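Student: Sequence:
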Amino acid sequence: MMGIERAEVIARMRLAFREGVSASRFIGDMRVAGLSYRRTDMLADWRDVNELATKEGLARYVRKGYVPAERSAELKAWALSKEYMYKVRCETRLTPDAPVVTRFVNIMSDAPMTVEAIELEVWERSFTQSPPKAAEERKFVLETAIHRATE
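Everything in the sequence shown is counted per our numbering, starting at 146 for the first residue and increasing by one.
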């Protein structure tokens, strides 16, 4: 049950942070809603979400042949299966008059990758999973780079 509660709190945390709610007020609100867990863990999650929100999107300004620098990458103590995780925004338009469908894909790697290599990896995976239609347009943009921190 704790994992589901924590995931729900983290989802609400992003919205509260964007609205300018303080950490202590947010924790109090979650306690009233019955979604409270250890205060120390909630504050750690608040800092993680806060840092992720401030650095989110910085990787999109890195040039194609370069690896995202440590200052533009998140340093997280998450239980990642690999050393690096890259969040890529995928925009698809089936026909020229159809709306753009946006989704996000995570690419994991043990070695740092260039922006070009990341987008190529997503491109290859995208076309092996669903072959393109005649007038379909696909665009891939690196949004966020996350580096696993050693504890």
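Where hints are given, some of them may not hold.
Said to hold, decoys possible - Straight-line distance between alpha carbons at most 30 angstroms, and here's what the computed BS3-like set of lysine-lysine pairs gives: (1) K209 - K221; (2) K284 - K232; (3) K209 - K227; (4) K221 - K278; (5) K278 - K227.
It should be emphasised that the hints constitute simulated quantities derived from the structure, not laboratory data. Keep in mind that this is a model prediction, so the values were computed, not measured.
Student: Out of the numbered hints, which ones does the structure contradict?
Tutor: Hints 4, 5 contradicted; others consistent.
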